[in-house]
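The opening position of the sequence shown corresponds to residue 1 in the UniProt record's numbering, with each subsequent residue numbered one higher.
Calculated lysine-lysine pairs in the DSS-like style (CA-CA distance at most 30 Å, straight line):
#1 K147 x K157
#2 K58 x K21
#3 K21 x K157
#4 K152 x K296
#5 K321 x K234
#6 K163 x K152
#7 K146 x K61
#8 K217 x K234
The set of hints was computed from the structure by calculation and includes no laboratory data.
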Amino acid sequence: SYIPPAGTKNYAPPESYNANKMMKSSDIFAVGDILIELITCVHPFEGKTQEETIANIKAGKYKEIPAYVHGELREMLISMLNLDASRRPTVDILLQSDIMELVKSSNANSSSSRNQPIPVDKATQEAIIVRRETQIVQISPIFIIKKESQGKQQGNKFIHSDKNDWCTIAIDPVVSEGIVRFEVVFKNSGGFLISFGIADASCSFAAGSHPADDGKKTVRYYNNGDLDHITEYKTNNGRYQDGQRISAIVDMTSNPRKVAFYVDDIEQPNFMIGIPSKIRFWAYTYYQSSSFTVTKFERLVQFTSQEVFGSKALYWGKSWK
Numbered sequence: 001s002y003i004p005p006a007g008t009k010n011y012a013p014p015e016s017y018n019a020n021k022m023m024k025s026s027d028i029f030a031v032g033d034i035l036i037e038l039i040t041c042v043h044p045f046e047g048k049t050q051e052e053t054i055a056n057i058k059a060g061k062y063k064e065i066p067a068y069v070h071g072e073l074r075e076m077l078i079s080m081l082n083l084d085a086s087r088r089p090t091v092d093i094l095l096q097s098d099i100m101e102l103v104k105s106s107n108a109n110s111s112s113s114r115n116q117p118i119p120v121d122k123a124t125q126e127a128i129i130v131r132r133e134t135q136i137v138q139i140s141p142i143f144i145i146k147k148e149s150q151g152k153q154q155g156n157k158f159i160h161s162d163k164n165d166w167c168t169i170a171i172d173p174v175v176s177e178g179i180v181r182f183e184v185v186f187k188n189s190g191g192f193l194i195s196f197g198i199a200d201a202s203c204s205f206a207a208g209s210h211p212a213d214d215g216k217k218t219v220r221y222y223n224n225g226d227l228d229h230i231t232e233y234k235t236n237n238g239r240y241q242d243g244q245r246i247s248a249i250v251d252m253t254s255n256p257r258k259v260a261f262y263v264d265d266i267e268q269p270n271f272m273i274g275i276p277s278k279i280r281f282w283a284y285t286y287y288q289s290s291s292f293t294v295t296k297f298e299r300l301v302q303f304t305s306q307e308v309f310g311s312k313a314l315y316w317g318k319s320w321k
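Using the sequences and the hints given, assemble the complete structure.
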């Protein structure tokens with residue numbers, strides 16, 4: 001539902017200018033705008049005049065966020081300023097972020113002295129804003145839903161429509177650096193094939209498309225164990241089913257870049273090397289009202305192989321024997 005645009009011009013979302021409307025995600029934009037200004041002391045869209053500031057907002061043209069704002073906080077703020085209102089995180093997603101958990105934990109620890117002034121020194125502020133390099137950093141998943149008829153997102157969960165149809169959902173943000181783990185749990189698949197994997201970031205899944213439709217740009221791990229790319233039905237990892245935790249870890253720091261797959265944290269023997277420099281994770285369902293939930297999407301400090309017996313490296317872009 002839409003409402004007429006209102007509020008302070010410098011914090012109004014682009015859709016209030018470009019389409020003369022606002023929605024729930026418009027508030028997310030405004031909060032992100034304000035948070036960046038509080039952290040950096042500079043309005044992210046600031047121009048020499050208010051007209052220039054508004055023009056920057058309309059075009060989604062914001063100033064580079066300083067390097068000291070990094071990790072999950074940086075990704076969260078950038079996603080909140082997305083020019084496409086449908087690609088901004090929901091309130092539920094923001095509340096599930098690790099930053100918010102840290103704030104809640106801090107509040108709980110200080111509850112005994114709630115009536116006393118709480119000094120906030122620079123070190124404390126930096127501890128909240130800038131996560132330590134050695135910690136796992138959570139990433140907020142944003143589901144790329146091309147049409148409402150595909151289904152809907154509820155927090156970190158995607159629910160398929162009430163009709164059987166191919167439904168492949170790519171997930172932002174794009175992964176281009178570091179080591180990242182993505183974990184998903186499927187439910188109510190109805191005995192039909194389900195799958196997940198990675199795709200070249202240039203790959204776009206249209207509504208009603210199957211992940212194999214763009215087979216040269218995707219790696220597909222099905223619940224029957226098939227691991228497919230250009231070649232199909234020749235390579236197998238372990239089977240999985242509804243309720244199990246299925247995951248992949250991409251290592252963009254290794255040479256060559258690689259991705260490994262897991263079922264309930266058990267590494268599977270076949271992994272892939274030479275993956276693209278920019279990828280997205282995705283998940284696929286077919287059955288009506290089936291669902292998948294992203295249970296982990298996080299940056300890791302290091303990649304440690306479990307040294308699986310019979311492990312085999314498969315090459316991206318090549319046919320497999």
